[in-house]
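What follows is the residue order along each chain.
There are 2 protein chains.
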Amino acid sequence: MINSDNDRLTSWNNGLTKQSIIDFLNSTVEDGSNYIKPEDRIATFDNDGTLWVEQPIPVQADFIFQALLKSSLKDPSLANQQPYKAIIEKDNKYLSLILEQQPDAIMDLERAIARQWSGTTPNEFEYEVKKFLTTAKHLKFNVNYTDMIYKPMLELFDLLKSYKYRIFICSGGGRDFMRVIAEETWGIHKENVIGTAPEYEYQNGTLKRTKKIIGGISLGPGKVEHIFASTGRLPVIAAGNADGDIEMLDSAKYKLLLSHDDHEREYAYNDGAQKALNNAKDKDYTVISIKNDWKKIF
Amino acid sequence: MINSDNDRLTSWNNGLTKQSIIDFLNSTVEDGSNYIKPEDRIATFDNDGTLWVEQPIPVQADFIFQALLKSSLKDPSLANQQPYKAIIEKDNKYLSLILEQQPDAIMDLERAIARQWSGTTPNEFEYEVKKFLTTAKHLKFNVNYTDMIYKPMLELFDLLKSYKYRIFICSGGGRDFMRVIAEETWGIHKENVIGTAPEYEYQNGTLKRTKKIIGGISLGPGKVEHIFASTGRLPVIAAGNADGDIEMLDSAKYKLLLSHDDHEREYAYNDGAQKALNNAKDKDYTVISIKNDWKKIF
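Here the protein sequences come in this chain order: A and B.
Number 489 in our numbering belongs to position 69 of the first sequence; there are no gaps in the numbering.
Number 674 in our numbering belongs to position 254 of the second sequence; there are no gaps in the numbering.
Honestly, the hints are just simulated from the structure, not real lab data.
Take these hints with a grain of salt, some might be off.
Chain copies aren't distinguished; within one or between two, either way the pair holds.
Once the Cα atoms are required to be at most 30 Å apart in a straight line, the calculated DSS-like pairs of lysine-lysine come out as [stated by the list, open to error]:
| # | residue 1 | residue 2 |
| --- | --- | --- |
| 1 | Lys560 | Lys673 |
| 2 | Lys584 | Lys571 |
| 3 | Lys631 | Lys673 |
| 4 | Lys631 | Lys716 |
| 5 | Lys457 | Lys551 |
| 6 | Lys571 | Lys457 |
| 7 | Lys513 | Lys628 |
| 8 | Lys571 | Lys631 |
| 9 | Lys494 | Lys716 |
| 10 | Lys628 | Lys701 |
| 11 | Lys550 | Lys457 |
| 12 | Lys628 | Lys715 |
| 13 | Lys715 | Lys695 |
| 14 | Lys457 | Lys581 |
| 15 | Lys673 | Lys628 |
| 16 | Lys584 | Lys457 |
| 17 | Lys494 | Lys715 |
| 18 | Lys571 | Lys494 |
| 19 | Lys584 | Lys628 |
| 20 | Lys510 | Lys584 |
| 21 | Lys673 | Lys550 |
| 22 | Lys673 | Lys551 |
Could you put the whole structure together from the sequences, leaning on the hints where they help?
In structure tokens:
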């Protein structure tokens, strides 16, 4: 068992972290107190910063900002409103309020998102996302975003599947954005993607986005609520990298916290993850160090 | 192919309906204009009246009415309020308003449901449902409700799975009630069960139901909205038996409408299904006649 598991995690360095994952998985399929019935074997993963690079800004923030920028060029009356103004002026101080989930900034952003995409059909939105993903490049690495998915995590997906775990992605980001890439890049069906989502209305044979968000933001306790609503369960295994993942991690039996500590090959930062990192020992999080645990990142 | 498909549908009579299902499925996996990529192969089924008997009242209505009756015995002040009063007095006139989705009656029912189950944890609710299902008997057949699931439909599930379709149940009824039986009786994971659902709040490590319904009632256009929200797709195949299924059927490529026309072995009725049955020809619904198409029902 352990040999073939090692074969699957080829981008991982041998060590305590890798061994801990393999040991836990083994214990859930063998007789004993850790045994998990096959139907209960679900694993949930955060997306931004857990499955792909989230610095200098999360991929979806880039997508949204680019779309809003285009709209402000078409409709100059927007240029004096937030967040358009900050996007046009590259006002990083304001933009970081959004990224830090400051309520007023989020309210402005949500209004702009509603303006931008309400009335959109699923196909129209998918087309926009695909176009963005084939053209946008990462600032530091100058590659497409989908080339910045962490290879070790994809190997972990394969390992989990070999143990008959069903994998769900649960992100604070937009569900429908992620669903566009889920099958091709993660090998995970769209229905296994959970995230913040707009309401749709079905009228005259067509689904169209409304201005509303349905079921709240999928962050913090919202992640657990979204996971239960989608799956009817809490996860056996959960993986995240930020404070917004704490409740999801705590709801799982086995908790993986990714630490961004590799300035050279990726980024080194703990903004927005300090609480999670501080809690790691008390709460029995298995911390994955990108620097030490990953032989290859991409 | 067709021989082994026949072997799977053993409770179905040979004839146009059975052949139509097999032919359609074959056409979706063979080269040609009907071909469906594996990731797109999803099928959605209504529950009450499509997967099990819904007469004289739907199973969940029995569950809810029994629970509310018990509460009214504990708290006599409820006895003069609706729907408690009607349940105590077996006032079928009022109760049928609920079953026909009359807005005022539904509002009373929703208030009673919120009173009954808000604050409940998933485990507590599951325990109640299991207890009900092991004790309650059907009025006419005097068997447990789970013994009244249509065998031909379970065979169709197996056939669909052999064509690599992923099956979702999409009911107007309560998602969490159905999830209790999904794995054991349908062989379908909880996450593939879609329905009307309460909001949950995650606090202090515990999920508890609130008084709110999330995402609206899963009926009519709401079924399509729920299916898209859960799966990111519209169905290739949809099966229903009532007017509340029309939008779901119309959103699918292949539409199965179950007709309850067997007074002897089940029930013969078309209340709440007249529009669907009238539309069948124009809208190319494949009508399944229980009387003619099913050799065995249970």
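Identical-chain pair category, lysine 631 with lysine 716, by Cα at 30 Å: neither (42 Å within a copy, 48 Å between copies)
Between lysine 560 and lysine 673, at a C-alpha cutoff of 30 Å, which is it: within one copy, between copies, both, or neither? Result: close neither inside a copy nor across copies, 36 Å intra and 45 Å inter.
Intra/inter-copy verdict for lysine 584 and lysine 628 if alpha-carbon distance must be at most 30 Å: between (36 Å within a copy, 29 Å between copies)
I want to check one pair: lysine 510 and lysine 584. Are their C-alpha atoms no more than 30 Å apart within a copy, between two copies, both, or neither? Close neither inside one copy (46 Å) nor across copies (49 Å); limit 30 Å.
Using 30 Å as the alpha-carbon threshold, which applies to lysine 715 and lysine 695: within, between, both, or neither? within (27 Å within a copy, 62 Å between copies)
State whether the alpha carbon distance between lysine 631 and lysine 673 is at most 30 Å within one copy, between copies, both, or neither. Between. Shortest inter-copy distance 29 Å satisfies the 30 Å Cα cut-off; intra-copy 37 Å does not.
How would you classify lysine 550 and lysine 457 at a CA-CA limit of 30 Å: within, between, both, or neither? For lysine 550 and lysine 457, only the inter-copy Cα distance (19 Å) is at most 30 Å; the intra-copy one is 38 Å.
30 Å Cα cut-off: does lysine 571 pair with lysine 631 within a copy, between copies, both or neither? For lysine 571 and lysine 631, the Cα distance exceeds 30 Å both inside one copy (36 Å) and across copies (43 Å).
At most 30 Å between CA atoms: does that hold for lysine 571 and lysine 457 within a copy, between copies, both, or neither? both (28 Å within a copy, 26 Å between copies)
Intra/inter-copy verdict for lysine 584 and lysine 457 if alpha-carbon distance must be at most 30 Å: Answer is both; intra-copy 10 Å and inter-copy 23 Å each pass.
If the cutoff is 30 Å on CA atoms, where do lysine 494 and lysine 716 land: within, between, both or neither? Let me know, please. neither (43 Å within a copy, 64 Å between copies)
Since the copies are identical, ignore which copy is meant and state whether lysine 673 and lysine 550 lie within 30 Å (CA to CA) inside a copy, between copies, both or neither. between (36 Å within a copy, 25 Å between copies)
In terms of the numbered hints stated before, the structure departs from hints 1, 4, 7, 8, 9, 12, 17, 18, 20, listed from lowest to highest.
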